[in-house]
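Enquirer: Listed below are the residues making up each chain.
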Amino acid sequence: MTYIGIIITFVFINNFILTQFLGLCPFIGVSKNIESAVGMGFAVTFVMALASLATWAIQNFILVPLNIEFLQTITFILVIASLVQFVELVIQNISPALYKALGIYLPLITTNCAVLGIAIISVQSKFNALESFVAGFAAGLGFLLAILLMSAIRTKLDSEWIPKPFRGIPIAFITGGLMALAFMAFDKALLTNLIG
Amino acid sequence: MLLKIVFSFLSVTLLGGLLGVGLAVAAKLLAVKKDERIGEVESILPGANCGACGYPGCSGYAEAVVNEGASLTLCSPGGAEVAEKIAKIMGQSVEVSATKMVAQVHCRGTRDTSKYAFDYNGLADCNAMMILYGGDKECKYGCLQGGSCIAVCPVDAIGRDEKNRIWVDKDRCISCGKCIDVCPTNVMKWVPYDADYIVACNSKDKGAKTRKYCTVGCIACKICEKKSGDGGFIVEDFLAHIEYDMKGDRTAAVESCPAKCIISTKTAKAEIDEVKETVKVNDES
Amino acid sequence: MSEKLNLLVESSPQIHNSDSTASIMWTVTICLLPAGLWGIWIFGSRALFVLVASIAASVLSEALMNYMVKRRTLMDGSAFLTGLLIGYNMPAAVPLYVPVVASIFAIVVVKWMFGGLGGNFMNPALAGRVFVFFSWTSQMTTWTMPRMLKAADTVSGATPLGFLKTGLLDFNGAVSGPAQFLTQQGYPQTVTDGKVMEWINSTFHTHLSGGYYDLFMGNIPGSIGEVSAFLLLLGTIYLFYKKIITWEVPVSYLASFGLLVWIFGGRRYGLSFFSGDILFNIFSGGIILGAFYMATDMVTSPLTRKGMIIFGVGVGFLTFLIRFYGSFPEGVSLAIILMNISVPLIDKYSKTKDSG
Amino acid sequence: MKGLKTFSIGGVHPPGRKYLTDRKEIINAVIPGTFVVPMSQHLGAPSECLVSVGDKVSEGMLIGKSSGFISSNIHSPVPGTVKEIKDIYLPNGMLSKAVVIELEGEFDRLGKEQDAEDWKSFSKEDLLGIIAESGIVGLGGATFPANVKFMVPKGKKVEFLVINGVECEPYLTADHRLMLERADMILEGIRIIAAIVEPERIAIGIEINKPDAIEAMEKAAEKAAFPLEVVPLKIKYPQGDEKQLLKAVTGREVPSGALPIEIGCVVSNVGTVHAVYEAVVLKKPLIERVLTVTGGGIKEPKNLKARIGTPISSLIEECGGFSEVPEKVVVGGPMMGFTIYDLDTPVTKGTSGILALTSKEVKNAARTSCISCGRCVNACPMGLNPTTLFKFIDHGEYDEAEKIGLMDCKECGSCGFICPARIPLIQGMRLGKKMLRKKKVKA
Amino acid sequence: MNDILRIGSKLALICAVAAISLGLVNAVTEPKINQMREQKLMNALKQVAVGMEVGKYKKVADNPVVKGYYPLRDNSGKQKGYIFDLVGMGYGGDLDIIAGVSTKGKILSVVMMNDQETPGLGKEAENPEYMKKYIGTGEISPVPVRKSQLSQEEADAITGASITFMGIGKALEAASDFAKKEGVE
Amino acid sequence: MLKEFTKGIFRENPIFIIVLGLCPALGVSTKVINAIGMGAGVIFVLLGSNIFVSLLKNFIPEKVRIPSYIVIIASFVTIVQMVMEAFAPALYKSLGVFVPLIVVNCIILGRAEAFANKNTVMSSIMDALGMGVGFTLALLLIAFIRESLGAGTITLFPVGSFSGVIRIPVLADNPIRVFGLAAGALLVIGFLKAFFNWYSERRAR
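Residue numbers (the working numbering), protein chains in the order written: chain A, 11 to 206; chain B, 134 to 418; chain C, 447 to 802; chain D, 10 to 452; chain E, 173 to 357; chain F, 83 to 287.
Just so you know, not all the hints are guaranteed correct.
[As the list claims (entries may be wrong)] Cross-link-like lysine-lysine pairs, in silico, BS3-like; alpha carbons within 27 angstroms at most:
| hint | chain 1 | residue 1 | chain 2 | residue 2 |
| --- | --- | --- | --- | --- |
| 1 | C | K611 | E | K204 |
| 2 | D | K449 | B | K322 |
| 3 | D | K412 | B | K337 |
| 4 | B | K337 | D | K14 |
| 5 | C | K794 | D | K419 |
| 6 | C | K794 | D | K243 |
| 7 | D | K400 | C | K689 |
| 8 | A | K136 | E | K239 |
| 9 | A | K174 | B | K337 |
| 10 | C | K794 | D | K163 |
| 11 | A | K136 | E | K231 |
| 12 | C | K611 | E | K218 |
| 13 | A | K42 | D | K412 |
No lab work stands behind these hints: they were computed from the structure.
Throw the hints in and build the complete structure from the sequences for me.
Expert: Listed below in structure tokens is the structure:
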């Protein structure tokens, strides 16, 4: 698959949130206003790209040579968790402003299944290092796109008269469902016809 | 097979050890100080985010308490209990007034009892109604029933009955004062939580005028003053009010009120059971 | 002045324009009617049943929601219009439960869960259609032949675009475009079409293939209300006259779509760039219905002129993408609801200019 | 229509309905027995009441004194006795102190010829003093004290004096008739103002639905060889607003929150110009004004010259009363005017018309939710986004509303007029401004 | 510093325990997993082999559809056909198909091993019934790749999923051609 | 003790009340059997991690608390993975990437953080069981709705001659397929959450 193909796949066709059900917790939790949604989106994109690359290295330099692929889950999550904490510490020191914008979302990312998800999917798709990185980045962009659209819709919904039991999380899910319905327009055929 | 187990052991242990040490080192080198008391204070606050303290939400107040030395008694929903807990964390002592105050509507005028000056058409918001001649009731002191207080109440303690009268459930009220702030006619007033009666009228018009436009308005006849003894009824500005510090028996005064505008706070509780939501769009065909 | 007048007090302005929400909805409904009648005429009474089912389900759902949330919005015409549009987007032979489910989904989930008319961020009719399209794809793609093309043994057939989609998958020859492809592959055409196209070709010295007349008038299989571009455009004239729709969305939609088709549309037929058949693509597959009646839905399109143009271009681009590269032959509904999703974002960032 | 000037963004076309009165000559209104003169008839601080109950007043006597920089004098419209001083609601919803005068005694001016003053020898300050003394305010509706407006700040130069003869509000024809019947006097008034502000150019903007007024003003200017540019304008509401008028006539834009003088312009309404003429030349304080009594509910619509303080009921009676029960009675134009519920409300300096509107004219309909049609956005002459503003205000997010320009809204009513969902947008804007003010006072 | 080492070693200890226990579990499960995988393939091959003997797998490098094949021999050891390992293009992604084809190009049997098709539409192809439409074609009649090549009845049965249908058909067509060209190995 | 168990089932149901662990709830709920498999996996991991976390609560240093928990959880997940692949390969395949993702299921880390590291082993076990069962029941409900509407079937274990698939007469022929897809999953959970909101509000009255 070409890099463009990977990007189209993970942003639109296999959008992590709207078709793969990965990363739903932050998608629902942090989409109440646009600013924090964008912050979360960028933080996720950043971590996903790095994690995808790091886990590629683990897989190909440790697990495969030693024939211990069954330790994939435990090593990947270890690396991701440490990576997130490390990134948090580094950002905190390098740029307090960036930390203020992204910092509060970083701890949430450890348990964001999208990050582990992209690591595992990259390995399963047998991507090379750069492809893994691009896939992680693209999946993050897909997350950013979805959460950005979602937060704009939710800001609008704030001023609508929504039946009481539906306010908050339920309507966010229903909104997500309708978004997913629309995203069904993007399918594999689109990719094959476009990229060939 | 054994080799595999050894490899697993080595790789994961090394990885774990490395990351553990790395993180510990990083945490030490890159440590950023943060006052832990902020979190503690925040966890004590009730989390209503009502804004009564004047800070943006409970976390804002917690930060202000720790960093800016804000007063410890500003959280009205939490009351004395919370203030004491905060004081403990901050190592200070506080004095808190004991009585909890709640908001109550001092008007019971409805379409049946009060005269209306004109047909109003527009926003269902008291402040907006106020722009047009101070509301559609002839009485300019009464409750406009636009429901602005219902809209601002963070805990759904305010509701209206089928006659559109507005009631406050004192048990749900967290004393944040938002409704009192928003009310343009000042008909929403503080009352001690344990108050037995309120004078449900806010009209400072002369008795004769009040009588003309409202059958449940205080006409300043002073009968309650005379009957109550040490019940604390006082008529000022053509309007009776109760001094709640005086604990005398008030029933005689209540019963003798010709306008029946002194009502028990228990009534309020009964009426609000069915809280109606204000829908601002009144579309119809 | 002794007598007491019961005067109304309200804020300025004291007079209003004659348009109301209800009048807008009903006007759109009326403008849509000719195309629907045409659909009933060519597809038979079955089409009428579909329309009745979708409208009835939609109006009843609205009534039910009105009862539940204690508001009265039945007469504003929006539910009727939604039902009508859902019916228009159905094949005539569809089982009746399909339009019913679409209508219920549209009104209850897409509209009322978001607070009723004005609260929804997605066009209810289109969301309803897409919902049932993905649920019952085959039922939604089984088309009835119009009466003028109905031979003794063929009762169902493919829409021109559907025919192209499957036909082109393994086509290696060379044709001048979709119309010629259809003619060459024996896609049915009316006699009138032949005469009209011959007249056009001889009068204007063009070399057009047959089929354009059928396409424009609606002598083709397709959804009940979308086939007749001519009658839909007729209604559009009145909408423009009444200023109920503005030019931004339809024009930017059709222009961007047409441009893309012109540039890239010929590639499928082995032609060079800048040789796509704009006319064929605009009059087929519900673009007219979509551009003038559904993309222009006020609730789900942007507020500002700039926003509307961005929206229209987006819909045009996505329609092109889906129709030419995706697996769905038409793509109008999906393109519109995809852009519906981005309307709040567009509105947020296309603020009006402050003149000071 | 092509080539005619107008402002660039927004605007609406409400039905004009000026034919009801545009051929009716201005006549003096009947003088009733009782007058109610409010002390707050202008923008700014209320006047200080100089009389008490029982006092005798004469026609044109000062009874309310300007109480600040932005304030104005108020004069007794008729000779009489002060019967009562009470609080009344003015049409704009404000509570004001008002002097009730019972007609009694002799008129000093009524029916008496006045000598024309030779004002040309007066200094600028003298002229401004006379205008201030006479209690002249902007008669277009804004009621901004005229002397303050004409006071050019130091260092500023006036390039344009623009006279507002637009009268874009539907129904109203008072300015129209004034220009037609008293073109010479208006010209004299313009001369006086020009002597004060010393503009480089003088223009008068008139919408082309008043061809006779355009002609009359052109003729008057020609006759007097006065360099007045008569600018015919396309019909579009709210062209009569200062900012829109300046944009239409001069092509210049007034920045947000600034006054016209910032861009070297002074604007004055023809009614004000006429009042300046009367004050300076005839030494007559502002005690009467021309207004239009009209609307579908009025039997015989008329243009009247009525004294300040006349109860509206008296004027309606003079116009034959109601032909049918009106849905509402409006003071001012239908776009920016106010409904009243008490017909004894008096005429004030800002009353440009009295309308009795039937439900057919009002066209009220059920209010529905906003359907985001965007018409208000296209109609707003200030380029604001009324529906978004309204949503913020409706949810109490007044600061957010301020951020997107709430304070630039001047309540022209275009959005509310065009809204198919009948959302009370203007009331929302007023509410928002009120709550912001309240918040600022608190802070 | 001590502190750091202590923390690091504790984490390492937890990791070590985890790793060892996982290694032990893996020692138990891995043979089982491999056995299961083998069995699944064997089952499929057996199903496709229609009673014949399956030879050794051969990779095919330069074909986009045919990934490899097993030669099929009858009891006498004479080659009668192939089992092809095919990859087709479906609606939702690749289709992994195993098909038995005679040396003359006739489709003998088809099994869908793996797909990502829409449940209820393309997913129906996992159903053995579905593949009946292809069986027997390829030698004399062409492998159907479009619904129009089927009878009305059969076409109705594969409602909607024309892309899946074509994906399988094209893969089989390629296999049939491959077999025809190759003939006997 | 029993209270720790029952709270997870309704009052603090991880999916409907505290809204955690959504990704698997939606991802694998296309078939009832998937829900059962996933639920079993989660119960096992939750139980194991809760036991170990509460046992080791004094041993684990504060600074590497989270990594340690994650290692413990990941070990149990890997065990589940291997066992499932060995003994229920079909189920393993249909759960796909969601099995390793149990690691990041917020419920498990959440319970370790919020409960197990503060409580005794016994109450941690009860808590794990309650939460696990609550999660499984919620998952079953979602899967039941999605499968019956979206495919017209209910897939259970094959036992003897019973294939494990129950066909619902009318729906099986023309199922509302969207419910089996991503959009349907989100819609279903939205409505269920709203129902629970409404119900708990009513109960509170």
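Enquirer: Hint by hint, where does the structure go against what was stated? Just the numbers, ascending.
Expert: Violated: hints 1, 3, 4, 6, 9, 10, 12.
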